[in-house]
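Taken in order, these protein sequences are the chains called W and G.
Numbering of the first sequence is given in my numbering, commencing with residue 191 and proceeding in unit increments.
Numbering of the second sequence is given in my numbering, commencing with residue 17 and proceeding in unit increments.
Hints in this document: simulated from the structure, not taken from any laboratory.
Certain hints may be false.
Claimed, not checked - Pair by pair, the computed Cβ-Cβ distance ranges are:
| id | chain 1 | residue 1 | chain 2 | residue 2 | range |
| --- | --- | --- | --- | --- | --- |
| 1 | W | P251 | G | R70 | 32 to 40 Å |
| 2 | W | P251 | G | Q25 | 22 to 30 Å |
| 3 | G | Q25 | W | Y208 | 29 to 37 Å |
Claimed, not checked - Capping the alpha-carbon separation at 25 Å, the derived lysine to any residue pairs in SDA-like fashion look like this:
| id | chain 1 | residue 1 | chain 2 | residue 2 |
| --- | --- | --- | --- | --- |
| 4 | G | K115 | W | H219 |
| 5 | G | K85 | G | A108 |
| 6 | G | K115 | W | D276 |
For glycine and all other residues, C-beta sits at the position ideal for the given N, C-alpha and C.
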Amino acid sequence: GAGVSQTPSNKVTEKGKYVELRCDPISGHTALYWYRQSLGQGPEFLIYFQGTGAADDSGLPNDRFFAVRPEGSVSTLKIQRTERGDSAVYLCASRGFPGTSLNTGELFFGEGSRLTVL
Amino acid sequence: SQQGEEDPQALSIQEGENATMNCSYKTSINNLQWYRQNSGRGLVHLILIRSNEREKHSGRLRVTLDTSKKSSSLLITASRAADTASYFCATAPDTGFQKLVFGTGTRLLVSP
Chain W
191 GAGVSQTPSN KVTEKGKYVE LRCDPISGHT ALYWYRQSLG QGPEFLIYFQ GTGAADDSGL
251 PNDRFFAVRP EGSVSTLKIQ RTERGDSAVY LCASRGFPGT SLNTGELFFG EGSRLTVL
Chain G
17 SQQGEEDPQA LSIQEGENAT MNCSYKTSIN NLQWYRQNSG RGLVHLILIR SNEREKHSGR
77 LRVTLDTSKK SSSLLITASR AADTASYFCA TAPDTGFQKL VFGTGTRLLV SP
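Just chain G, same shape as in the assembly:
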């Protein structure tokens, strides 16, 4: 089963533009994480935000978390062609938080 749903399913932008992806989930969480997956490859961790945090930054990435709405967003600023990939949110439930449950993903295409 998949807890999170990402929106949009696909996003196509030009280099230099910002990309925003949203994730909604269903149950209480301990933390939420974002991962990136290049086509045919494994997933790479981008950033983790805990349930008591509202915003976090890492380089060109900005993540927000709204636990009242059970939603998160990932913003990639000044996108590059190399950012083309699928992006997944993953939630660690409040109980049994060792298990990560992934969303359905957003496929991002950044054109030069």
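Just chain W, with the same shape it has in the complex:
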């Protein structure tokens, strides 16, 4: 697509429930990133994929968080047993493979998925 698309834009859930957030990157972008942004803070790195594999998942806070990108395009961030502290905006970004014209260094962000855990 023309830009990075994230769904849902808003998700309200109850503590303990399971949540999936989806990201559809820009066509042809091999790298995909997930960030989490709390109110008044900068984006906090969670994980990034190069193709289908997670190249760096050092930002995932605990084992309740998991992300997949099975076909190297769409990615899903999965949060199990949600807690109130998981409430935040989850941002997805993408860019092209290094050394190609699709990678000028910048990340292209989606509008985010706002998660509220009651």
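Starting from the known structure of chain W, arrange chain G on it as the hints suggest.
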């Protein structure tokens, strides 16, 4: 974790004035980038400066980088009300430079 810290946290100016935001970071970098975020929206890339560059311009934006002090500044000249947003610096580490680490941001308010 967040590598960069922006200063000031908030800045309020009048239209036509210049706005300067500073970013300090901790580790060696490959490049540093500045992003803008309107309230409730995603981030938009403004400018990228590489570790071997000292200054870069793009329209009304001027970015400087001092790797010896591990700091950068973003100057917006002749500000407009539409420049009201949060501004973040982001660093790509020297090793593993594919991962961008964001700072805490400066909230800029430009009044007409």
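Hints versus structure:
The supplied range of 32 to 40 Å is met by W/P251 and G/R70, whose beta-carbon atoms lie about 37 Å from each other. Judged by the Cβ atoms, the range 22 to 30 Å given for W/P251 and G/Q25 holds: they are separated by roughly 24 Å. For the pair G/Q25 and W/Y208, the beta carbons lie near 36 Å from each other, so the given range of 29 to 37 Å is met. Between G/K115 and W/H219 the alpha-carbon distance is near 15 Å, which keeps this suggested pair within the 25 Å criterion.
For the hint pairing G/K85 with G/A108, the CA-to-CA distance comes to about 16 Å; that is within 25 Å, so the pair holds. Restraint check: the Cα-Cα separation between G/K115 and W/D276 comes to about 22 Å, which is no more than 25 Å; the hinted pair holds.
When each numbered hint is compared with the structure, no violation occurs for any of them.
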